[in-house]
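*Asks:* Now for the letters of each chain:
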Amino acid sequence: MYWSGLSAAANAAAAYQTGQTGYPVGHTPTGTYTTQRAAGSTYDTGYQTAAAAAATHSTAAGTYPSAAASATYDYGYGRTTQTAAAAAAAAYDSSKTYYAQPSTATAYTGADTHYHNKTAYTNAGAYTTTSRQTTPVVTPKTSYTSTYPGAAAAAATATYNTSPYAVQTTTANKATALPVYMQQTSQPATAVAAVKTPGNTWQTFKKQGTVPNKTQKPKAPPKPQQLHYCDVCKISCAGPQTYREHLEGQKHKKKEAAAKAGPTPSRHGASLRCELCDVTCTGADAYAAHIRGAKHQKVVKLHQKLGKPIPSTDPVVVGGTTKTSTTTAGTAVGAKTTTSGTTAAPTGTLAATTTTTTSDGKKDDLKEDLLDLKEKDVEPVGQEYIEEIKNEEGKVISFNCKLCECRFNDPNAKEMHMKGRRHRLQYKKKVNPELVVEVKPSLRQRKLQEEKLRRQQLREEMWRRREEERLLEEEERWYWEERRRYEEECEYLDWCRRYPRGPPGPPPMMPPGMPRPPFMPGMPPMMPMRRPDSSDDRHVLAKHAEIYPKEEELGAIQKIVSNTEKALKMVSDYLAEVDAPKEQHIKPKAKKEKEEVPKDDDDKKDGDKKEDGPPRMLKGVMRVGILAKGLLLRGDASVQLVVLCGDKPTRTLLDRVADNLPKQLAVVAPEDKYDIQRVVEEAALVVQNIGEQRISVNVTLTSPIMREQLLHDGDSQVTAVKDPPDVLDKQKCLDALAALRHAKWFQARANGLQSCVMVIRILRDLCQRVPTWGPLNSWAMELMCEKVIASAGQHLSPGDALRRVFEALASGLLLPGSPGLLDPCEKDPIDAASPLSAQEREDITASAQHALRLIAFRQIHKVLGMDPIPPPKFQRGGRFTRKRRRDNSTGEGNDSEGGDGKKDKKEDEDSKMDMDKDTNSSKHLMVEGH
Amino acid sequence: MRGGMIRPMGPGPHFGPKMKQFVPRLPFDMVLCESAFPRVKAAPDESAFTQALLKRNADLSPTPAEQAAVLNLVTKIQAVMDNLIVDPGNFDACSSISQQIEEVRQVGSYKKGTMMTGHNVADIVVILKTLPTKEAVEALGKKVCDDLRAQEPQEVLVLTMLPNDRGFEISNSEATVRVLVTTIHQNLRKLDPELHLDQKILQSHLAAIRHSRWFEENAHHSTIKVLIRLLRDLRGRFEGFEPLSPWMLDLLAHYAILNNPSRQALPINSAFRRCLQLLAAGLFLPGSAGISDPCEGGNIRVHTAMTLEQQDLVCLTAQTLLRVLSHGGYKQILGLEGNSSIASEMSVWDGVVVSALEKAYEKPPERPPQDDDTDNMDADDDPMETTDN
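So the protein lines, in turn, are chains A and B.
Quick note, the first sequence lines up with residues 1 to 930 if you use the UniProt record's numbering.
Quick note, the second sequence lines up with residues 1 to 389 if you use the UniProt record's numbering.
Derived by calculation from the structure, the hints in this document are not laboratory data.
Hints are not guaranteed to be accurate.
[Unchecked claim] No more than 30 angstroms apart at the CA atoms, straight line, and that leaves these computed lysine-lysine pairs for BS3-like:
hint : chain 1 : residue 1 : chain 2 : residue 2
1    : B       : K134      : A       : K428
2    : B       : K41       : A       : K402
3    : A       : K305      : B       : K41
4    : A       : K390      : B       : K134
5    : B       : K41       : A       : K827
6    : A       : K428      : A       : K566
7    : A       : K732      : A       : K663
Predicted, not measured: the structure shown is a model, and the values here were computed from it.
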């Protein structure tokens with residue numbers, strides 16, 4: 001409908017007979033009128049008034065309503081009225097008078113915002129055009145050709161691009177009309193029109209206009225001149241014949257259709273346009289190339305020949321500019337007014353006007369276009385990714401962009417490519433993510449992309465959140481885990497403070513006054529595991545169970561030992577009676593207590609006893625060695641007892657005991673038969689039972705005096721002289737005393753230490769099993785284990801404890817240069833492992849080193865000499881529980897969000913129901929959390 | 001014998017049903033439990049050993065001339081890089097390159113002061129703002145090299161690209177500077193393996209920066225530097241130590257010297273022995289707490305970067321060398337005498353036969369697939385995983 005206005009103007013122009021005979025413009029309007037008239041509407045009436053003023057334009061008024069959209073009506077409405085007015089003005093008559101009539105104005109406005117326009121027009125009609133602040137008054141052009149540039153300049157300065165209109169009205173008379181037009185254009189953002197545009201603009205508004213536009217046809221007939229010039233194609237034809245042929249030709253038709261469809265700048269946003277040739281270029285470079293090009297030159301020449309105005313080579317920006325209107329009282333549109341965005345050279349040719357389009361309501365687009373334009377002169381990026389391909393002469397023949405994988409032959413093309421959007425995108429993607437690449441200009445595309453982006457973001461957001469939640473959860477779990485452990489530790493420490501050295505299990509069961517140490521302390525030590533046993537633990541525990549003596553073995557040993565002890569007591573009584581008949585049966589009790597007594601301070605106590613009166617020869621009997629320490633293993637058939645004598649034990653004493661012992665044994669255990677041998681060189685006698693299990697009890701005679709003498713060597717020279725001639729082997733006696741101390745040490749230190757006894761048993765087994773380890777004496781081994789395990793500073797599971805012992809050995813605990821194992825039971829600093837030779841130490845260390853790595857690599861069974869233990873079976877139960885629960889929960893999850901809560905509850909129940917399984921399943925959960 | 005069976009139900013502290021499966025534990029460490037092992041006899045005189053260590057260190061340290069040469073080259077390159085950062089305007093073709101540099105940092109042995117003679121290479125890490133393409137690395141190399149040449153045209157500079165495009169080397173006749181390229185953190189996830197450098201490489205370069213920073217703050221003690229040099233030398237001469245990364249050695253040296261009850265630096269002889277003791281005791285074996293990486297979150301144990309087989313190998317080598325050392329073979333260990341066969345072959349020291357050890361690691365046997373429950377079970381129990389978390 002703009003164009004109806006235009007056509008009106010054109011009509012007027014035509015009516016003026018500007019003398020431009022060949023001007024095809026004149027034709028189109030009529031065409032349009034007719035077509036549009038078909039769609040008559042209520043507006044007609046409104047128009048009629050206006051139309052009435054100028055009879056010729058009644059048609060125009062009629063056509064107007066054909067623009068279907070009501071919104072467009074508004075614009076069109078005002079405009080048409082104006083066109084009408086313009087036409088009226090153009091009608092040579094006193095346009096003033098026409099406009100002066102207010103009635104016309106009111107007639108068509110009917111609540112229209114554009115009504116204001118009319119008032120403006122009236123002003124315009126008065127040649128003043130004062131109504132708009134911003135609208136410059138464009139001086140009417142008097143001559144089509146010559147004044148053109150001037151007009152252009154004027155137009156250029158104007159914020160409103162009125163030039164197209166100005167161009168159209170070429171006569172002097174137009175002076176009146178022109179301002180009107182200008183105002184009109186400044187109105188609703190309509191563009192323009194021109195010969196070709198009518199259909200075009202129409203279509204833009206109609207959105208692929210459904211109304212068939214026949215207007216082109218009438219335009220086609222040429223007005224034969226000496227030159228046959230086709231305005232659409234910008235070419236001249238040699239003669240009418242060729243001209244006609246041209247018009248019929250494919251090329252022309254195409255162009256025409258293209259013109260009808262209107263320039264499609266929106267695809268790329270702003271683009272540059274050569275008005276003269278009607279060529280749209282995507283960028284300044286392309287435009288420059290075009291201007292330089294042969295085709296353009298030809299057209300220029302032609303135009304020169306024709307005497308047509310040649311627009312400046314400044315490009316016309318297509319795509320429009322936005323402008324917010326200054327809504328003064330006089331202005332037309334309350335909202336924005338968009339004008340055709342010709343910045344520079346408005347062309348004199350009508351053709352030129354065709355190019356200008358304004359897309360109303362596409363403000364966003366326009367803004368982008370502006371942006372786009374700005375970025376046309378961005379820095380080229382990614383030069384380093386463009387490879388120069390040279391021919392054999394070394395001349396650069398083409399370029400290859402590695403980012404985009406494309407080639408160009410022309411340096412210009414290369415430049416363009418580097419500025420291009422595609423390249424920049426690639427660069428952004430592959431090289432510098434911070435590079436700003438302009439947003440895709442197309443509205444729809446952009447919307448689609450935005451949509452896509454948003455969806456993607458949402459998705460990412462969701463994943464991120466989920467991940468975060470997961471992490472948080474994990475963290476929390478870790479936190480609680482740490483916390484729990486910490487609390488355990490605290491609790492444990494508390495416990496330890498209350499019960500020093502006690503295991504965190506049941507409090508130590510040994511009251512201080514207990515007459516005898518437990519026969520086998522800590523069988524399978526019922527110490528709670530702080531952690532569930534690892535594979536190593538399981539192996540160690542299994543091995544331990546394997547080497548631990550059977551019940552009947554223990555019973556047998558227990559029996560023979562206690563019988564021997566009782567018999568020895570009776571021997572002692574007997575000897576005491578013989579030596580000093582006064583003394584009655586008081587002593588035996590003391591004897592038994594003695595077992596406890598030396599624990600504190602044997603030397604002193606014994607000294608005290610001596611003072612009691614005539615000394616008893618046999619003061620007491622004590623268990624030592626594996627028996628006292630509880631290190632009996634399966635198959636052990638030899639235990640040791642030590643009899644403390646009042647004086648240095650002599651062979652005579654040994655004989656007396658050996659003689660009397662069988663009698664006493666017969667008294668104690670009449671049904672059992674015992675065989676007793678004297679081993680004088682060992683300072684011992686051996687009691688053996690006669691039965692299936694041969695168990696021997698070595699009874700060594702010793703006396704603390706032996707050691708006292710040794711300790712106070714200087715003073716005791718006299719006593720040494722006093723020694724009876726048949727005193728037993730001194731070293732053996734001393735060893736027996738040491739064994740006594742070791743037993744005491746063991747009960748004080750090792751027994752209470754978690755995992756320690758177990759590890760010592762395991763190592764005892766190892767020493768017996770593996771020849772390399774044979775030389776390691778048991779005292780050194782016990783001492784070492786205790787030190788190593790105690791020095792860990794924390795409680796170790798059996799597996800960890802065993803590994804730590806191997807670690808210590810592997811790190812060279814026995815090697816020369818190490819601190820050695822200081823024997824706590826000797827006054828002088830002595831290495832408990834001193835009997836080991838350098839080679840033995842080396843071999844044991846090497847073996848331990850290998851064993852350590854075996855343990856680390858899950859082959860502890862090789863170290864322990866057993867078969868690997870598969871993971872316990874009931875573990876599976878735990879697993880299944882969990883699996884089942886998992887399955888269930890998925891079932892539950894379907895019905896509600898509260899499934900989680902249910903799951904938890906269920907889990908709780910599960911855990912309450914079977915404690916055994918619970919450990920495993922919860923442990924699994926933990927492990928999963930890792 | 002799983003937990004539930006032997007858990008006491010009686011009084012005493014109750015432990016929650018949740019139990020942590022695998023708590024790594026530090027191996028036995030004599031230095032940490034010295035009090036439990038009072039010396040039986042006076043410590044042997046180790047002055048000869050100490051002297052040998054110091055001599056070896058002196059041999060390994062770069063000469064002043066080398067240091068000057070490398071310092072010179074580093075300074076120049078650093079200046080060129082700084083120029084590129086400060087003044088991205090002075091470009092021609094490499095415009096985008098110069099704008100890409102975020103930061104330039106010296107890392108590695110040069111920065112830490114643990115360089116060794118004959119290996120006059122300094123490391124510099126360049127952090128690009130852009131995604132590190134191979135072309136960018138190349139272009140940067142060229143640009144830096146060109147700028148250097150422009151400054152001193154008479155100097156002969158050789159530009160070599162490093163394998164995997166991790167960076168480039170610029171060397172003159174006396175020194176080499178290795179420029180390693182990486183990118184800012186945000187870019188790491190945008191990497192396309194087709195186009196850009198390997199993410200692992202980039203991360204390792206970023207880690208190198210953290211490492212040198214940590215080192216500066218924590219390990220500036222000169223004994224540590226001496227020990228690192230000695231350990232590196234050890235690693236170079238004994239094949240079994242090959243899997244130990246420089247970073248592991250840094251941490252090990254730091255640990256061996258400073259992680260003791262008194263928190264005073266141990267003398268070099270004790271520290272050197274302790275390194276071997278720690279390794280021999282399985283500090284870097286599965287199930288050990290090892291040394292957790294101070295520059296990574298999440299308590300990552302550094303030794304888990306090695307495969308199980310490598311962990312076995314490292315431990316085994318250390319164990320053998322420890323025994324050799326304790327029998328007086330320090331000259332062979334330090335490379336002052338003999339060769340590296342002591343780690344792999346039997347040797348006799350003062351009548352004591354020291355035999356080499358065998359590998360303990362075995363590839364896990366293939367399990368039948370339907371047994372996956374047990375399999376998972378084992379994995380749960382398994383303290384042998386190479387990486388935590």
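*Asks:* Confirm or reject each hint.
*Replies:* For each hint, the structure was consulted:
For the hint linking K134/B to K428/A, the alpha-carbon distance of about 15 angstroms falls within 30 angstroms, and the restraint holds. Our distance criterion of 30 angstroms between C-alpha atoms is broken by K41/B and K402/A, whose separation comes to about 74 angstroms. As the CA atoms of K305/A and K41/B are separated by approximately 120 angstroms, the hinted pair breaks the 30 angstroms bound. Distance restraint check for K390/A and K134/B: the Cα-Cα separation of roughly 22 angstroms lies within the 30 angstroms cut-off, and the hinted pair is therefore satisfied.
This hinted pair checks out: K41/B and K827/A have alpha carbons roughly 14 angstroms apart, not beyond 30 angstroms. Only pairs whose Cα atoms come within 30 angstroms are accepted, and K428/A paired with K566/A is rejected, the gap being roughly 97 angstroms. A threshold of 30 angstroms between alpha carbons decides the hint, and for K732/A with K663/A the separation of about 26 angstroms falls inside it, so the pair holds.
The structure is inconsistent with the numbered hints 2, 3 and 6, although it conforms to all the rest.
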